[in-house]
Amino acid sequence: MPNASTSFFGWVAFLLQKYGMLFLRGTGMTLLIALTGTALGFALGLLVAIIRTIALPEKKKAGSNAGVIVKRGLLRFVHMLMNVYIQVFRGTPMIVQAVVIYYGAQYAGVFMDTTFAAVFIISINTGAYMAEIIRGGIVSVDKGQFEAAHAIGMTHWQTMTTVVLPQAIRNILPSVGNELIVNIKDSSVLNVISVSELFFQAKSAAGTYYRYFEVYFIIAVIYLILTLTVSRILRAVEKKMDGPDNYVIHGSQSDSRADIKVSVENEKEAVKRWNA
Amino acid sequence: MERVIEVKGIKKAFGDHEVLKGVDFAANKGEVTCIIGSSGSGKSTLLRCINLLETPDEGQILYHGEDILSGAVNMPRYHAKVGMVFQQFNLFGNMDVLNNCVTGQMKVLHRTREESVENAMKYLKKVGMDAYINAKPRQLSGGQKQRVAIARALAMDPEVILFDEPTSALDPEMVGEVLSVMQNLAQEGLTMLVVTHEMGFARAVASEVVFMDQGVICEHGNPEEVLGAPKTERLKAFLASML
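First to last, the protein sequences are chains A and B. Per numbering that gives the first Met the number 0, residue 0 is the first one in the first sequence, and the count goes up by one each step. Per numbering that gives the first Met the number 0, residue 0 is the first one in the second sequence, and the count goes up by one each step.
The hints are simulated quantities; they were obtained by calculation from the structure and are not laboratory data. Among these hints, one or two may not hold up.
Claimed, not checked - For the chain B half of the interface with chain A, some residues (derived, Cβ under 8 Å), not all of them:
1) Ala-71
2) His-78
3) Ala-79
4) Asn-89
5) Phe-91
6) Ala-134
7) Pro-136
Stated by the list, open to error - Restricting the straight-line Cα-Cα distance to at most 30 Å, the calculated cross-link-like pairs of lysine-lysine (DSS-like) are:
8) Lys-80(B) - Lys-70(A)
9) Lys-230(B) - Lys-142(A)
10) Lys-142(A) - Lys-80(B)
11) Lys-80(B) - Lys-230(B)
12) Lys-235(B) - Lys-142(A)
13) Lys-10(B) - Lys-70(A)
14) Lys-184(A) - Lys-202(A)
Stated by the list, open to error - Cβ-Cβ distance ranges computed for the label pairs, FRET-style:
15) Phe-13(B) - Val-67(A): 18 to 26 Å
16) Pro-56(A) - Arg-76(B): 49 to 57 Å
17) Leu-238(B) - Leu-46(A): 53 to 61 Å
18) Thr-160(A) - Met-0(B): 40 to 48 Å
19) Leu-46(A) - Ala-71(B): 51 to 59 Å
20) Arg-76(B) - Gly-103(A): 32 to 40 Å
21) Lys-121(B) - Leu-46(A): 38 to 46 Å
22) Gly-29(B) - Thr-52(A): 52 to 60 Å
23) Pro-173(A) - Met-0(B): 42 to 50 Å
24) Thr-160(A) - Asp-170(B): 30 to 38 Å
25) Arg-76(B) - Thr-160(A): 15 to 23 Å
Just so it is clear, CB atoms sit at the ideal spot from N, CA and C, and this is done for glycine as well.
Just chain A, with the same shape it has in the complex (with noise of 0.2 Å):
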């Protein structure tokens, strides 16, 4: 038992051994509503923003037919709808709509399971911000993009998929990075509906021994190395998106093309032969 002699980091030790199992259990805690929060919120942060880069049909100038009518008229209510979404959901401190969300479902019946309800909570607040960032990396994506899928014959969800949100994607993936560092952070004020991760643990550890900052110390490195870890991922992974910087030309235009190297097995076996 540390006296009033011990040191900081006989403090810092000691409460270690103590709690460090309580701090591990708070940092899978953090982790876990963090990720699946901000891949959640992903998600939805997709389908906002490929519904609101739909175009609204175009008003025919002579005679417009019914149906378009309707069509424009319930797209631009789904627009409305998610411009309201994300402008409260971004206007609004993630702490308030912690506790509105958990104790207003209550108010209505609905006891939630805090684990749930912060996950729920992450994922429609980075969903907000994530609609924005996605919706930014679609426009950035050159029109002529665009306009050679459809030139092909592709649908709206085909240019999508293939063609656009794989190049909108890679350009805002530091944003989306920002997202999951900013929620492991920020996943701390869920403490107010005493969902149990890192910050809630530490809390209750620094009130025994009413060591505060020893505590938050330990929090401070813990938080660090979670979010330096996730950064150092990210860069991998957008170089992995990027690709190799060089290319292998296969054979020369003139010469038998025997060493032909493509990387799927079938692809091989056609490029043989086109060549026999």
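Chain A is already provided as a structure; the job is to place chain B on it using the hints.
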């Protein structure tokens, strides 16, 4: 003579600016039609209307006699039959050369990967880009990109290919390689609609030359007539400016 595409009374305005003021025009099977004219004359817009990248405000576009604006024609099918090559190439930046030529076949024509690769290789070889199948577009020169773009359009086995100033964004020394690929295609009987500033190409390859000015077709006919003996002052002035 079989008409593949016929345009009747097409009008298109962007806001208050009327770009096409009633254009009538037809492309016959196996012919090369070159559309010439100064910037802003509406030639690119005409091409983009034919491919429905722009929706015309008025008029009809007939594909083998069927009005494609009526909604009765299957759009992906039509797009697959009418290929397009862009000034800025517009190769899919996230795919290598081979996949640029394969994706459309698989997604739109529902060919197997194997068939698509085989077909893509055939056309990549034709344009002399078969050695670069693993290169990404950003690793290629402009002329190479445009040749891949042509192979991508050909891989869909289209009936017509629309070329929207295919050499205007290229360095001068790369114009030749693209034009010679196009000339070969013309000789093989591909129906082509080419918006171009290359008068030499028009003279050598075109079956018909169309001169557009201020949103209307001003003169048209065979290359000797149109380029050799211009009738209108506007065409004379345009040709003089091209020298």
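Hints versus structure:
1. A cut of 8 Å between beta carbons decides the hint on Ala-71(B): the least distance to chain A is about 14 Å, and the hint is violated.
2. Of the supplied interface hints, the one on His-78(B) holds, with its beta-carbon coming within about 3 Å of a beta-carbon of chain A, less than 8 Å.
3. Interface hint at Ala-79(B): satisfied, since its Cβ lies 4 Å from the closest Cβ of chain A, which is below the 8 Å cut-off.
4. The closest approach between the C-beta of Asn-89(B) and any C-beta of chain A is roughly 4 Å, which is under the 8 Å cut-off, so the hint is satisfied.
5. At a threshold of 8 Å, the smallest CB-CB gap from Phe-91(B) to chain A is about 5 Å, leaving the interface hint in force.
6. At its closest, the beta carbon of Ala-134(B) sits 4 Å from a beta carbon of chain A; the interface hint therefore holds under the 8 Å criterion.
7. Given the 8 Å rule on beta carbons, the hint for Pro-136(B) is violated: about 11 Å separates it from the nearest Cβ of chain A.
8. Proposed proximity of Lys-80(B) and Lys-70(A) is supported: the alpha carbons are some 28 Å apart, at most 30 Å.
9. Proximity of Lys-230(B) to Lys-142(A) is assessed by CA-CA distance (about 39 Å); at most 30 Å being required, the pair is judged violated.
10. Of the pairs offered as hints, the one joining Lys-142(A) and Lys-80(B) holds, with about 22 Å between alpha carbons and a cut-off of 30 Å not exceeded.
11. The suggested pairing of Lys-80(B) with Lys-230(B) is violated, with an alpha-carbon distance near 35 Å, which exceeds 30 Å.
12. Distance check on the hinted pair: Lys-235(B) and Lys-142(A) sit about 36 Å apart at the alpha-carbon level, beyond 30 Å; violated.
13. Distance check on the hinted pair: Lys-10(B) and Lys-70(A) sit about 25 Å apart at the alpha-carbon level, within 30 Å; holds.
14. Between Lys-184(A) and Lys-202(A) the alpha-carbon distance is near 15 Å, which keeps this suggested pair within the 30 Å criterion.
15. For Phe-13(B) and Val-67(A), the Cβ-Cβ distance of about 20 Å falls inside the hinted range of 18 to 26 Å, so the restraint holds.
16. For Pro-56(A) paired with Arg-76(B), a C-beta distance near 20 Å fails the hint of 49 to 57 Å.
17. Taking the beta carbon of each, Leu-238(B) and Leu-46(A) are about 54 Å apart, inside 53 to 61 Å as hinted.
18. Restraint check, Thr-160(A) to Met-0(B): a C-beta distance of roughly 42 Å satisfies the suggested window 40 to 48 Å.
19. For the hinted restraint 51 to 59 Å between Leu-46(A) and Ala-71(B), the CB-CB distance of approximately 32 Å leaves it violated.
20. Range check, Arg-76(B) to Gly-103(A): Cβ separation about 51 Å, and the 32 to 40 Å hint is violated.
21. Judged by the Cβ atoms, the range 38 to 46 Å given for Lys-121(B) and Leu-46(A) holds: they are separated by roughly 39 Å.
22. A hinted range of 52 to 60 Å is violated for the C-beta pair Gly-29(B) and Thr-52(A), which are about 40 Å apart.
23. Distance hint check for Pro-173(A) and Met-0(B): the Cβ-Cβ separation is about 57 Å, which falls outside the suggested range of 42 to 50 Å.
24. Here the CB-CB span from Thr-160(A) to Asp-170(B) is close to 34 Å, well matched to the stated 30 to 38 Å.
25. Distance hint for Arg-76(B) and Thr-160(A): a CB-CB separation of about 20 Å, consistent with the stated range 15 to 23 Å.
Violated hints for the displayed structure, listed by number in ascending order: 1, 7, 9, 11, 12, 16, 19, 20, 22 and 23.
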